[in-house]
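With the hints as your guide, set chain F onto chain C.
So the protein sequences, as listed, match chains C and F. Each residue of the first sequence is one higher than the last, beginning at 1 in my numbering. Each residue of the second sequence is one higher than the last, beginning at 252 in my numbering.
It is possible that part of the hints are untrue.
Covered stretches of chain C, as calculated for chain F (at least 3 residues, CB under 8 Å) [stated by the list, open to error]: (1) 3-10; (2) 54-63.
Partner residues aside, some chain C positions facing chain F, computed with beta carbon under 8 Å [unchecked claim]: (3) 16; (4) 40; (5) 42; (6) 45; (7) 46.
These are computed hints drawn from the structure, not numbers from a lab. All C-beta atoms in this analysis are idealised placements derived from N, C-alpha and C, irrespective of residue type, glycine included.
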Amino acid sequence: MAHLDTELLSAYIDDELSPDDRRQVEEHLSSCEVCKREFEELRGISTLVRELPTYLPRRVVEIDESAPHPASGVLPKIIEFSKPLAVAALIVIVAVAGIRFFMDDDDGEQGDGEISFSAVQETPSGGTDRQTQTSESVTAGEAPPNAALIPAEQEGEEADSIVPETGQDSAEDAEMAPGAARQEEAPAAAFQPQAPEPTVATPMPTPAPAETDDDDGPSYLLIGTLIAVAAVVALSAARYASRASPRRTRR
Amino acid sequence: MLWPIFPTPRVIRTRRRATAAKGESSHGPDVDEQQVDERLVARARQGDVAAFHDLVDRHQVAIFNVVLRTVNDPGTAEDVTQDTFMRAWRSLAQFRGGNVRGWLMRIAVNRAYDTLRTRKRRPSESLDALDYEPVTAWSSNVSASEDPHAFSARSELSDALESMLARLPDDQRTALLLVDLQGFSYDEAAGIMQVAPGTIKSRISRARSRLREEMRADTRRSELFNRFLRQDSESPA
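Here chain C stands alone, though its shape is the one from the complex (with noise of 0.2 Å):
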């Protein structure tokens, strides 16, 4: 007859087995001598083991009540929900950032000069239609965005020279950019390709509150900086809440 595995009897000394186990354990040790044996021995060690004196600390423990606490303030609330803000700001940057770089290709693909859809209809009255097409073809090729944006005073002193020009510098096209908004038929598929050597170097200046929904480059930029701001101190408040918390050991 074969004997019980000790871990069964083991389990069925702190009756972790299942009926049936438990069953079968009961019926075999009915008959058998050795397991029984085993079985009164392995149990004499758990009793002993139960009994075991118990020391008490000599040193009382002591609560720092200055340490930090979780019901002291606003604190504990954001390290509470610090771990899937983090991971949902990174989702939002992951997804604005790729957003933005589909957009950007899908622009640069549109190598004829459309305007895209999105950027006609957002157009708030006919007065500024054409110049929000242009400004998004200029956007298009790779000028800053803001361009429709500079003051009407000097897009008359520049009116003039908007002529699709090879190798002209961004800062150019983008001072060139709202006098090209009243020629009727300027091409915008001009303006696209043809500017090899983007350089960012016009400063932004106050966008007019009508422009600003026409303009979603600058409100990109801005959405993304406050969530990579706020991933920042996300991460920064769940890592100390993860080295407040208890270390986990896996053994």
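Using the frame of chain C, we list chain F on its own:
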């Protein structure tokens, strides 16, 4: 406006005597005990330091005894016990509810293992050689006044077991202490040691098997063990 993120630097040290009897249950907490723990945790989360001290009183002896037998040094065990409750205090917000005793024990076991890793070497002396007398002796039916010989034999067996426990692998000893000494189930012990319940089952089996073999390896110990088994089988369950 400054938000009250950090409390005013103020140290209140409440000294309380550790009492063995208070709230200590060596064979697993019942539902009422768990409810008491949960209420104390809820109050402590609101900033009630007295409630947290009650929690300390209820569990520090159990934690100290497991940690003591893990690190085998009373001073270190006291440090680990202190650190366990400080960490618990700081991480009350992250406690998701459930078994408070298991949560505290998990912090303690992790801290004890951290200490062992840092120290690299575990003291080899047994507890009886550490000049650290137990306040409460084993809860056997044997009384020193009624049967001094039986009491002496039982004490000797208990000391031998302490020495054998100290020689067990850390993981086996901790699993055995959690289940036998503290009365945790396999699932609870698995949660504390962060392993599968099957691993706990295996570690306990190996630990008991090894202790049994060591008990039989020495003639005197074997004789004492036989006497204990006879008494154990005769005593009412």
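Against the structure, the hints come out as follows:
1. 3-10: Result for this restraint: holds, n = 4.
2. 54-63: holds (count 10)
3. 16: 5 Å, holds
4. 40: 6 Å, holds
5. 42: At about 5 Å, which falls below the 8 Å cut-off, the nearest Cβ of chain F leaves the hint on residue 42 of chain C intact, so it holds.
6. 45: 5 Å, holds
7. 46: OK, holds: residue 46 of chain C within 8 Å of chain F, min 5 Å.
The structure fails none of the hints (numbered hints given earlier).
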